[in-house]
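Novice: What follows is each chain in one-letter form.
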Amino acid sequence: MSNVKQFTKALDKLNFENMYDGDFLLTWEKTDDEVKAVFLVADALRHLRENNISSKIFKSGLGVSLFRDNSTRTRFSFGSACNLLGLAVQDLDEGKSQIAHGETVRETANMISFMADVIGIRDDMYIGKGNTYMREVVEAVTLGNEAGVLEQKPTLVNLQCDIDHPTQCMADMLHVIHEIGGSDDIDEAIANLKGKKVAMTWAYSPSYGKPLSVPQGVIGLFTRFGMDVTLAHPKGYEVMDEVAAVAKANCEASGAKFTVTNDMAEAFKDADVVYPKSWAPFSAMEKRTNLYAEGDSDGIKALEKVLLAQNAEHKDWECTEELMALTKDGKALYMHCLPADITGVSCDEGEVEASVFDRYRDPLYKEASFKPYIIAAMIFLAKVKDPQKVLKALESKGKDRWIGKE
Amino acid sequence: MSNVKQFTKALDKLNFENMYDGDFLLTWEKTDDEVKAVFLVADALRHLRENNISSKIFKSGLGVSLFRDNSTRTRFSFGSACNLLGLAVQDLDEGKSQIAHGETVRETANMISFMADVIGIRDDMYIGKGNTYMREVVEAVTLGNEAGVLEQKPTLVNLQCDIDHPTQCMADMLHVIHEIGGSDDIDEAIANLKGKKVAMTWAYSPSYGKPLSVPQGVIGLFTRFGMDVTLAHPKGYEVMDEVAAVAKANCEASGAKFTVTNDMAEAFKDADVVYPKSWAPFSAMEKRTNLYAEGDSDGIKALEKVLLAQNAEHKDWECTEELMALTKDGKALYMHCLPADITGVSCDEGEVEASVFDRYRDPLYKEASFKPYIIAAMIFLAKVKDPQKVLKALESKGKDRWIGKE
Amino acid sequence: MSNVKQFTKALDKLNFENMYDGDFLLTWEKTDDEVKAVFLVADALRHLRENNISSKIFKSGLGVSLFRDNSTRTRFSFGSACNLLGLAVQDLDEGKSQIAHGETVRETANMISFMADVIGIRDDMYIGKGNTYMREVVEAVTLGNEAGVLEQKPTLVNLQCDIDHPTQCMADMLHVIHEIGGSDDIDEAIANLKGKKVAMTWAYSPSYGKPLSVPQGVIGLFTRFGMDVTLAHPKGYEVMDEVAAVAKANCEASGAKFTVTNDMAEAFKDADVVYPKSWAPFSAMEKRTNLYAEGDSDGIKALEKVLLAQNAEHKDWECTEELMALTKDGKALYMHCLPADITGVSCDEGEVEASVFDRYRDPLYKEASFKPYIIAAMIFLAKVKDPQKVLKALESKGKDRWIGKE
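Residue numbers (our numbering), protein chains in the order written: chain A, 1 to 406; chain B, 1001 to 1406; chain C, 2001 to 2406.
Hints are computed from structural coordinates only; laboratory data are not their basis. Idealized CB from N, CA, C, for every residue including glycine. You can take every hint at face value.
Beta-carbon label-pair distances, calculated as ranges:
#1 B:E1238 with C:D2362: 40 to 50 Å
#2 C:D2362 with B:T1132: 22 to 32 Å
#3 C:N2051 with A:G128: 57 to 67 Å
Here are the simulated DSSO-like cross-link-like pairs (lysine-lysine), alpha carbons at most 30 Å apart as the crow flies:
#4 C:K2315 with C:K2301
#5 C:K2059 with A:K399
#6 A:K328 with A:K366
#7 B:K1301 with B:K1287
#8 B:K1059 with A:K392
#9 C:K2269 with C:K2328
#10 A:K59 with B:K1392
#11 A:K129 with A:K153
#12 C:K2392 with A:K397
#13 A:K59 with C:K2405
#14 A:K129 with B:K1366
#15 B:K1009 with B:K1389
#16 A:K235 with A:K269
#17 C:K2059 with A:K9
#18 A:K399 with B:K1399
I would like the entire structure built from these sequences, with the hints used as guidance.
Specialist: In structure tokens:
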């Protein structure tokens, strides 16, 4: 695309005015138009950067990040998105301690937000807690803004919670649109996805307790685009009921199929997209959350043993060349949120055979590369009242992000 | 106020030219005009931000922060102030180890200051050390600048020392001016404070060793504004003699009263402002400093026990509804630097009854919200030779801090 | 100098076009013209800053830092350089764990680089690893850029590896040019260095395992300028053969002498510059690297004991007043990368006598102050296609780095 017009024209057709001054917590709280607007703005921001055009909309301001878990990728994606828009990042390091509630959340949320335009939170460890905590923060800063404590209401971006991983899954979906959609026109590209088959499958990992937010996010989002989504996992690795219900409802609306199976090969059969990835059983995560709440460290250790043993019963859930051969023309798009457990590379036995991973390395990195732009787009749409106008204004300022570029 | 003129006109009447290229260590080293200038610039910067006008005076430059103690609030306030003015924050993490002296201070101060325009230090743990350390840093960078090592002399802002907590107490005082002063005109507002009564009182906390810098800062500053200040604490919780002397001298100059009592109710009686907050006895802190210096960890543990027991004798020093009812019309402004020990919320028995805290939550958050602007004003006045001119210039640039705002 | 013209005119005479889009790993991989260009741009950037002219060439973008070792000085120098050019710093904190290889390096390098314009790495702990790791990172991001994963190829700056410490030694050399060269004209100044004698000598330290990158960097760089370089150390403290070979080859090209001796006094005799500094024996570092790789912590402890005992045999290797008196007119320029082990100040017996250090404090700080500008110059030359044009353009924008400066 030679200029931003193609993006702004597509945006003109959408209704996303409710995103202004909003937050981004779960993809299924957003309309199809709103989701599409995020994709378009993400692509537009990437287009600007590729053309050395600055997307700085803030002269000053902070993006506050709060990570309950170690995170290099998401941390850098959030930092990159903030930087792209002109915000400095300030980390709130509360450690991995059990999450604060009530008064403390309310107070801390305000104390860190005096000059915060954005708050990014990753809190995926405890079932029933992460998303709830994010909503408490939103409420606190909304009240703080109304009371004149805060000059602005910071926008909250969910960088992964116990339910959804919207920045990851939106990046994944944008990757699918570009790789499988086969058109620069987003409406055409999405239309082309109709009837395509996606296999979101469990895979064996020698570690345990991986969050459910990725498979849940994928089935909650991908089912909106008319694609037939098959969720495959061994018995006992069920995802949250409420998210499965979202996937079903999406499919009913889009006329697609949502299938659950305990057979990896069945999921791979004729699939256009495969996303084999380990996760922990929902019920086990719920149990672990309670054990942590009770401070029962013996119980946690015992649960860990059980879970590792349970995983080890399913070492055959590996994305092999053999399985890949079952996919559409043997050429399904292999996806992963990274890092993957690669057999013989990062572990003895893992999620994926080394030769499969090798073959898809560039597309996998490309998939990941959409994340900072997705986050930036979520912020942009919450902060810019008239995105089309501002995108055009940015473009008209010229190629000056990096002075001295050849 | 509709524009910055009201602030610049008020600044025109003040003499604060010595603040340029200076530092901010203790409020009582500043003249009344200089203190007032900080309030005016803080309000002006807040006014600009509320109106989406950028206050960036630096295109590049660093604000170096050095915290001897964990600190979320002050860290974010300093970070916010730097960001508002265009400085990036770089943390110097020396850990909580005993403070370096002599050669090391001199060297480190220069090594971190090559592009530092500001250094913010919090160092309140050791009696007789924190403020001294800050002066060593100021001397080192002044010499470094003179020797051509540093292109600029960074401004030091005291973010809390063993003696004073100027950024906190200035924020507290600005809050009082706005809440009690009853006028947009700062001279009128301050005149209206004459004869008002402030109760700075000790309160029970189940933790120990809280710094004295807040009560000392409050009595050292609030006494300058013609307000009658009563300092109340149990016997044994005396503050530093030199600061009590500052408070007395201030009162003599302003014609107000500085009273010390061991009766919390007496302090609350007819008070317009109450600031009930725990602190450690000065002599105990002095003892602890020496024990740390000697590396006597058994002595430190023993002292801890003694101090907790001593605190526990004064659990009745709680800011209750009953005590609040004694204040002027039962409606004194309740203040706290946060976080407070709230009875039944953050601890079993603490500094304040939950219903009192609840009632004042918004004003408490507002009180805290002045801190980043106070810090920014201290920096601004040390870095801008003609503040009125620059404030007007910033305003004339228009509403562009956040492009896309509704 | 009154304007940047003097720098741009000197740059006009040099051929450094290969630096664009490049990296900076070892000084001896750069031509004389390229090294000189770094010095000129460093001086030009310092000149701009001294004159309150902004050198911001990036409106947004990240400088990613990766430190395998604690580092205050280099961290601040890198942060300052990035800030000067408009980049925000994002730290990648991988801890001090053994370095990742292969797939992990490739993946991480891309995941942190979506908006990275620069990557700065310090990795000097393990012989044969640090520099190799940096090259793996360069390869990974080059491939990532070619595959469309990264919009730009970040420039890698070696902030210290197992072989060289180019940012330190370039700063050291620029200091020598200014202190000994005796001319504002860089060609004249360098010509004046011909025949001057440099003593790079080992010195006793009560700690062990200090990296070899400084002495290696110094002999690998200083030998290019026609100066006679004497490397002095006790037997057993030999540096890497390949770097000694570089020094020899440089001397052959420049007509100077490279001498190795085991006599500190011989090195100091008639020296114009002395650089007495402790380092670990290369063979011991190699051994330690293998012990770490084998996870042999007993072996590491045993080696530590041996090394400390070995050091202690050479306590007479101290830079004393007596030794300084042997130097040219007793006035050699004393250099150190800091912090130095100062006898009676930072340790009982160390690298340098306190009175010597005291006398050279200002020049030592000045030496260090070149480092952020050297790093900025390395980045500038890798990122700016036409440095002369951009330097002139920056100057013409006027004195606006710090608005409000007197």
